[in-house]
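Engineer: Take 34 as the starting number for the sequence shown in my numbering and just add one per residue.
None of these hints come from the bench; they were simulated from the model. Please note that a few of the clues may not be correct.
Pairwise CB distance ranges (calculated) [as the list claims (entries may be wrong)]:
#1 L40 / K70: 14 to 22 Å
#2 E78 / K38: 32 to 40 Å
#3 K43 / Q81: 16 to 24 Å
#4 P69 / H41: 30 to 38 Å
#5 D74 / F45: 19 to 27 Å
We put the CB at the ideal spot given by N, CA and C, even for glycine.
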Amino acid sequence: MQPLKDLHYKVFASGDSYNDIQMLKQADLGVFFQAPKHIRDEFSEFLQ
């Protein structure tokens, strides 16, 4: 992801589970896609 950001690209990431959290945090825009409610509740800073 960092090489794209170094080129001034805006990075969008979509994930659905705990293993995606770091990627969503690094992206300019992180969005949950069909993530379970308990994960969405725990990480409410991401769009749903």
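Engineer: Next, verify each hint and record whether it holds.
Structural biologist: Results of checking the hints against the structure:
1. L40 / K70: 14 to 22 Å: Violated - the Cβ-Cβ distance for L40 and K70, about 36 Å, lies outside 14 to 22 Å.
2. E78 / K38: 32 to 40 Å: 19 Å, violated
3. K43 / Q81: 16 to 24 Å: At roughly 20 Å between Cβ atoms, Q81 and K43 fall inside 16 to 24 Å, so the hint holds.
4. P69 / H41: 30 to 38 Å: 34 Å, holds
5. D74 / F45: 19 to 27 Å: 22 Å, holds
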